[in-house]
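Chain A is fixed; fit chain B onto it per the hints.
2 protein chains.
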Amino acid sequence: MANKASSRLEWRINVPDGTSKVLEPESGAVGKIWVGLKGCMGIIVWKVWRVLEHAWHIGVADPRKVIHCIKVGLALSIVSLFYYMRPLYDDFGGNSAMWAVMTVVVVFEYTVGATFYKCINRVIATFLAGALGVGIHLVAEQSGDQLKPIILGISVFLFASAATFSRFIPSVKARFDYGAMIFILTFSLVSVSGYRVVELFELAHLRLSTIAIGTSLCILVTMLFCPVWAGCELHHLIHQNMEKLADSLDGCVTEYFKENGSEKDLNKKMQGYKCVLNSKAAEESMANFARWEPTHGRFNFRHPWKQYLKIGASLRNCAYCIETLNSCISSENQAPPCLRKHFSNKCMKASSYSINVLKELAITIKKMKKSSNIDVKVAEMNFAVEELVDALKSLPTTHFIATTTGEESTKAKVEGVEGSEYPSPITKVLPLVKVVSLMVEITTRIGGVVNAVEELARLAEFKAAKDGKPKQNQPTDKLVSDH
Amino acid sequence: MANKASSRLEWRINVPDGTSKVLEPESGAVGKIWVGLKGCMGIIVWKVWRVLEHAWHIGVADPRKVIHCIKVGLALSIVSLFYYMRPLYDDFGGNSAMWAVMTVVVVFEYTVGATFYKCINRVIATFLAGALGVGIHLVAEQSGDQLKPIILGISVFLFASAATFSRFIPSVKARFDYGAMIFILTFSLVSVSGYRVVELFELAHLRLSTIAIGTSLCILVTMLFCPVWAGCELHHLIHQNMEKLADSLDGCVTEYFKENGSEKDLNKKMQGYKCVLNSKAAEESMANFARWEPTHGRFNFRHPWKQYLKIGASLRNCAYCIETLNSCISSENQAPPCLRKHFSNKCMKASSYSINVLKELAITIKKMKKSSNIDVKVAEMNFAVEELVDALKSLPTTHFIATTTGEESTKAKVEGVEGSEYPSPITKVLPLVKVVSLMVEITTRIGGVVNAVEELARLAEFKAAKDGKPKQNQPTDKLVSDH
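Going down the list, the protein sequences come from chains A and B. Under the working numbering, the first residue of the first sequence is numbered 33, with each subsequent residue one higher. Under the working numbering, the first residue of the second sequence is numbered 33, with each subsequent residue one higher.
So here's chain A without its partners, still in its complex pose:
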């Protein structure tokens, strides 16, 4: 307490002199460096703090990412300690621990599918390249010491070039990109090694076995502790995107026809379509990895993952339209309230039926059961859209074609009208016509999503939902129109 008081006292004494002017004599070069260092440290600490905060949010948002990190640490600790406890440091063995550790580091991926893809590629490519390398070594050894380096060099050049080129072919890149790299690596390593062929066999055996240990450890750890299946992720992404799209559509139409100011929640809801627009790359990589996954949960080994990409494409198609719709809403040029009110009910009805269809499709995918009443909902949607189009048809009344064919007469009439208190009508109705026609286009594209989901249900043999039969006989059938 006494110390504290004295320091406080000291400060108090210094304070009156502590203005910048008085401090100047003390802050020479050293002082400046000190201030600069403090500033730098402050910035670094602040930046590190920001990154840590960001990392914390990532961890909280998806705890599986934290679990993944723990899994990686676990697998590496196990393989490190295993080799540390009983080192195999004989002539070749110096490498063997390294190969196991390297395999774990390189092969362990976030999803099971990606881990499988890398494991299988690594084992097969190592085996093939090893066998080929030993073969070339045999040939080179028999052709004398002079020719040997030439043969080896040419073979490395040829095979490395060919394997590198194969990585540019899309179908190879999607499935065997990592394998091609490992092929080049192993083949070059075998060629560059100065061992004799007999030694090579022993080396190959050791390397394959350590890789096998590494890969099987990875597969065990990735599958046993909270596995993240690429297929499940893709499945989840698709039905979540469908719900986001429905929410966006709902938000957009509500926002357009609402009578009060914008709500914050609504604005956030409306932005969901942007996720759909940007999810192509994620979908493709997940579908690629999902192919390598064994049967898990509700998904077979040969689950039609490609069809998910088609559903994703059809969703993006909808999202393009919703993006245009969204820009209509934010444009300044709006239809007059009386017109908007006139269309509000019909447009809201069409959008809510469209949303019903999207949500039903999302449930179909989520539960992996054929929906019993999707046909009814599609019919309802089509019926509502037809009503909307009818309402639009009934807008202008007469003399339309007659006036447009003669441009001059129209102009004259318009000029006459402009002076009066009636504003030019098409300008007023234009924003509304845009919204309605986009709404119609969106329902057409939702039809595309319905087809894609039905194709998925057929390919993946979805079972009918339990409550299928009774619902089909419900009186909602009366809404089914002839489209």
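In short, the hints are calculated from the structure, not lab data. Here the structure is a predicted model, which is why all the values come from computation and not from measurement. Think of the CB as a built atom: it goes at the ideal place given N, C-alpha and C, for glycine as much as any other residue.
Under the rule of at most 35 Å between Cα atoms (straight-line distance), these lysine-lysine pairs were calculated in the DSBU-like manner:
1. K398/A / K300/A
2. K301/B / K306/A
3. K378/A / K402/A
4. K306/B / K306/A
5. K342/B / K290/A
Which residues of chain B face chain A? A few of them, derived with a C-beta cut under 8 Å, are:
6. S109
7. M130
8. V137
9. N310
10. E355
11. S359
12. L424
Distance ranges between label pairs, derived from CB positions:
13. V80/A / A345/B: 29 to 35 Å
14. P336/A / E419/B: 50 to 56 Å
15. S362/B / F159/A: 50 to 56 Å
16. E231/A / K300/B: 56 to 62 Å
17. V80/B / E231/A: 33 to 39 Å
18. Q303/A / V77/B: 51 to 57 Å
19. D422/B / E487/A: 44 to 50 Å
Leaving out everything else, chain B in the frame of chain A:
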């Protein structure tokens, strides 16, 4: 000749019996297997042929890919032969050749930027992890044989987990993903190695020097022989996408207002916007790599690559609208020819001015010189759009607001009209209104592209084009309207 004749004779003799019935006794199990094998071989040969054909097309379309493969082969042959000629197979050296080969295989990428990214990440991560690993080893050694494996195991677990988690942070992933992996790898390898600390220093020195040899060889080969710069690729992609967008817009509008059947060339031209829609991932990865590239050609080290991403986003924004426009064109419900003819000129004019703007922007980026007449072209575009909107305004004539406020009276009137020979007008004009309003929206979005390109010109300090001054004084100024 005699042989040939006899074989031909034999065949001729066999032919009459060679029908399927006669051959049956011969084609037992062996025959079936033979036929099956032939079928399998045929399929395999056909598939391989298809892949080769595809590869050939890829090579022809972009010979730089073939050159890249040759470069990889060359770098690998050089490093392999270098180590084969003077092997460093002493106590630690067994690994050293391997590290150089591995570095070349793993680090050599298609673009200079990607190669730099991997090289710099690899060297720094190896150095950091090596130093940290040796430090932990020192601590562990001093705490006795019992505690050593525990300390090593825990440190591997902690650092591997932390480094793995850092790869989930977007800013780290974009710049240091590969570095984080190499950090984990090196740290684990140092920890698992049973060497004493003095040996470790020697090992670290050897490993760092081999990695340095590998990386510098890669950088030399990638920069000296036909370098592919990620920055140039991004630059090229952006202005090419701009041209594709202009062509798509041109194709769409021409297709809509054309009077004859569809042309094949036009159809292909129209699809250009799809490239723009799908180029986000490519743009982002190229911008990431471009940051690592040294000054080359017209690009400085600190060229504003991020601004290219913004231009890309604004282009995609336009592409969404063109996508919707494209679906309007293919819809069956078309406006009557007289109406289309009425709007044809104005719409074509607006689209051709928009295309002019896009092409001018593409040239601005291509030549990296400020356009002298972009303002004029934007004004022309705005003027043409204004005219188009005016033409649209002048379409319906009177009594519009009056009829829409009273729904019932409208309906009555419509029913009255439906019986007559005038079809309901809004249905006829609807597709056209859609096209025109999309055209207007597209020009608004082109405005966004103009802003993004101007920002790039400011950030990258584009110089003014040589023919700047005279053009600005040209009489085109009269077209500049007040927007």
